[in-house]
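Chemist: In case you want the letters, here they are:
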Amino acid sequence: MTTGTTTPATDGSEHPAVELVGIVKEFPGVLANDRISLTVRRGEVHCLLGENGAGKSTLMNILSGMVRPDAGQVKLDGRVVEIDSPKHAIGLGIGMVYQHTSLVPQLTVLENLMLGEAEGIRLNAAHAGERLRELGSSLGLDVDPKATTGMLALGQQQQLEIIKALWRGSKVLILDEPTSMLTPKGVAELEQIVARLKGQGLAVVFITHKLHEAISMGDRVAILSQGRLVGAIEPAELRSATHDELQERIIALMFGGQAAQATGVAELTDGVEPHLPRRALAAEPALELDSVTVEPGPGEIGAHDVSLQVLKSEIMGIAGVDGNGQRELAEAIAGQRGIADGDVRLFGHSIARLKVAQREKLGLRYVTDDRIHEGTVGSLSVAMNIVLKQIGRSPFWGRGRIRYEAILSKARELIGRFDIRTPGPETRVAALSGGNIQKVVLARELSFDPKVVVYSKPTYGLDVRTTRSVRRTIREQAREGVTSIVISTDLEELLDLCDRVAVLSRGRITGVVENGPSAQQRVGELMVGGKST
Amino acid sequence: MTETTAAAGLREPPRPGEMTGGQAQLGRVGDFFLRSILPLVLALGTGAIILAAIGVDPIQYYKDVYSGGVQFAAWQDSLMRVAPLLLIAVGLIVVFRAGIWNLGIDGQFLLAAAVISGIGSRFEEHLPNAINLLLLFLIAGVVGAAWTIVPALLKARYELNEIITTLMMTFIGINLAQILVKGPFQDPTTTTPQTRAFDFTALLPSIPGTESASRRWPGVHVGVLVAAAAAFVVWFLMSRTSLGLRLQVLGASMRSARHMGLDVPRLIIVAFLLSGFFVGLAAATEILGVKGYQRADWNPAFGLWVVPLVFLARLHAIGVIPYVVLLSLASIGGDYAAQNAGLTPQFTLLLVGLTLLFMALTEWIARRAAGGSYLPGASYRRHRAEGAG
Amino acid sequence: MTTVLAATGVFSEQALTALVAGAILAGVPLMFAALGELVSQRAGVLNIGLEGMMLMGAYVGFVAAYHGGSEWLGFGAGLLAGAGVSLLMVLFCVRWGLDQIVTGIAITLTCEGATALIFEAEFAESRPTLGATDKVAIPGLADLPVVGGKGESNGSIFTQPLVVYLGLALAVLVAWILRRTHMGLNVRAAGDAPGSLDAAGVSVFATRSWAVLFAGALAGLGGAFLAIVGAGLFQDTIVGGRGFIAIVLAMLARSRPLWAVVGAMLFGASLSIADWAQVAQINISTDFVFMLPFLLVLFVLVVFGRRAYLPAALALPYERGTR
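Residue numbers (the numbering used here), protein chains in the order written: chain A, 1 to 533; chain B, 1 to 389; chain C, 1 to 323.
Just so you know, the hints here were simulated from the structure itself, not pulled from any lab data.
Worth double-checking, as some hints may not be accurate.
Covered by chain B, per the in silico footprint, the following chain A stretches (three or more residues, Cβ under 8 angstroms) [to be verified]:
1) 364-371
2) 375-388
3) 400-410
Since this is a predicted model, take the numbers as computed values, not measurements.
Backbone N, C-alpha and C fix where the C-beta goes; we use that ideal spot for every residue, glycine too.
Please work from the sequences and hints to get the whole structure.
Modeler: Structure, rendered in structure tokens:
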């Protein structure tokens, strides 16, 4: 029943490593897990596949003790257990690598690994160092034990996470979207590690929303949709069927056979064709960055000597792994932070010395990736958020006083145009869903005569439908002559949208690629090649 | 969380700038009771238990508070105390709404008081009374505002935590006020460390119809009207103007404010200066309306008393008025009751502290039931989270 | 200028001894409170109620020492009282995740009111005082000039009550615990990334609760020292902002306990300038002297404030699953 391994584990029990039976978990307003049953076996990689919000992470958080189920059973080695805390889960041999890092960035590698150990009073660094070498060599990894964790490259941090998850002798390893922060090279390394672990008889759960990953990494695939288990692919089928057959089958499972409703396919499948026909662009530059350098803040990379020319009505993508200076660059363009050197020009005029509000008035817009804490004020109404960058300007303000009628009527108009699902213009933004909050942000940034718009991860964390509508909006804007810069960590998104893609690595532009058939490979090369690992 | 609950006289449909959620489950009345009344009741109850524990009849004590604060001519004293407390309250509302903790009230207050009582009595002969008073109010406001400049600049420029800097400034301010009173402003005709007393006629006139034959003071001074006007101005500022909205955006999240193109350093400084200005005016009403001079050891320490009130009133400048009236009554009547019971008047401070403690508690309950919070702490939290993320 | 100062005896042995002794006398309470606050801040709890905890410790410690006739009873009682008050902080801020600043202010106000009230009710007439505390003179070293302090009423570095030496040892111990033990590692992680600590299987609640209790206990001990050794009496203004200074000291010490000790002694010195000036027969306003430590804090904040280290999750309540 297991693939490619010889180990029916040393404890010799016939029970599977993990059995989840009828798990139900409800959060306010969301049924995250609806009677899900799942079996994970030793020496096997079990992929959990589904869109964002399908309930994958919740299910695994139940296993790791972070979340307690409302109903259902968890069995380990055939025994029913109630996992009430992460500590308990660790004690039971369940190691989890979280999607967002669970390392303490301020501590050293060794300190992070020793965190949570309960033996003795003193920290036993010598013993821990020994164990790190041991585990590292069995996985083929080499991490400096004295390095400050926050200073490690993201790929290394994730390797450290895996070591940490195995530190106390785990029998089950859960990886939650482990490839989302990795370069292609990092993904390849991860695949090797997972293969070794499988060989050592571990049960591995691999959570992903990428179909090709599930097919290539999994010995078994479970497909989740809207909190329910909608299908599974057995090892035999995975081995025998071709990639395309499997893809078709999984899509059918996910969307209930309605091929016409395959709106989510684009997000899940690989190798999307560029949706924009090659367009003839006017040679007029809209936004020019000329050797822009941004000083890094604490924990940041900054931007160094960035030069980029974006033509009018062009969609320019900026690709790169998160934390390579994207935010620094975007904020420098928007005027939210100063530049140490270089120049920023809008239609030929330098705007480097202008403040945020002045740039906004000239038609420069910035759709931030932090839509909750930065892009909106949750305690204010939808209507107020829509005019928040117009404070003090007519027609919404007159002689310093608010004109509610003008604001409300504008808000009603934009709510309709951007399809914002809200009880009314006076509802607090905090009460809306993430997708609708993003639409509020877009409504504000794309109204009042935009000329150049910087989008930072515009579809991050959104459901498939909203993602499509956001991308459609970006394309429509481009067609109307608005210049766009799309910063994204999702290469498929960039290839879907952009005319050209620039690659940002360690705060520098390592190259600009025309979108086309070979663009994906060239961007991938630039992302890896630009790294000094 | 909303402006509407505490402001009984200001019911109107919610406006776009206001928060309207969070009351669905509790209902408006329940929410108001839980967040704005219950903490007071619990504090008074606990206070009664403490009184009983140290052998004082709580019912008699609270009765004394009432009679000492209202009966005979005491209501005039209570009413006059409203003036400084209300001015401090509106000053706090401005900064708290901007998400800033100005905890340096006492230093700002005493320093402003020392300056006007020191210089005021010197040029009272040279100027017409009305102009003199106007000028002194202005000076007091400016001094109060000036004492916020250091924390304001440190926060605006370096994002230095204002809780610490305003507290340090308040201790410095209190000592500096004492140095001023004992030094340059010392009344040469007495050895008591105090300033020269104002001429009786140079003080604030009283509101017609509030005079009482049995009292030394002619009646309730017009400073109370100044305070009421200030409350209206701040209410208007915060709810109707662009500056008010800017301050609220800043209070919600500093990062949002930057993103929206607001001049964050300038707003921080404006909020601080406004609050210091109102605190300075509070000092002026107390010196020019009640005291007439300043002793070196005088420190009413109004500052922290007012903090719970503005939270109970949801940072609403008009809504805070009933609470201020209640506190004024408790502080005037409390002195009398404490004297009767042989206690220290600090019991009132205990009640204030307990109110704040219970308010935190009911806020927690309300947040669980309805969501949302009006505490500036919520925004502080978010700043920190942003800094960490 | 120098000649004038020398003539008035600024650098006379007597004056310098008074300065050193005063620095320790005023610095030790700050040291205790700052050590506690440092641990609490390191664990992610900004304890603004420190002032109130010191005050409660001062009152209870004084009463216990007065009735029990032993300073150790007083120190113990003060310690427990401070810890008792900090239980409120544990319950409100760690357990329920309420606003740490509001709760801290409330605790300080409540303690100010409560101690004044109870003290007045109990001792309004008598206003008792305590005798001088026994000092331990370290053999040999106590005979040194200035730093020895043998026979001086307030001693000097090598003639101090035993509790002072214990306090210094505690600072070393805390430094060791923070750097070298599991407990210390947990505390540091609780302040920097509580979610990670939780994921590692350690209770954030427990770690933070103990840290806050420790802070309360030490603040209480500091208050008790202030009343028993420092003043020999209780009055409601006895703490007078020292709790707030200790908070700043803890921030500036950047999680290094020994720096907190040095800082506390420096501020102690500035508080004791009045004694020194008296011995040296210099006439400066006591108001000015009382203002000095706050001016000094402000100055230090202006100069070094940007480098004050604050844990990433300071003042943020932790709730599982909301990272």
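Chemist: Take the hints in turn and mark each one as holding or not.
Modeler: Now the hints, each set against the structure:
1. 364-371: With 3 residues closer than 8 angstroms to chain B, the region 364-371 of chain A meets the three-residue bar; holds.
2. 375-388: holds (count 10)
3. 400-410: It holds: at least three residues are needed, and the region 400-410 of chain A offers 6 whose Cβ sits within less than 8 angstroms of chain B.
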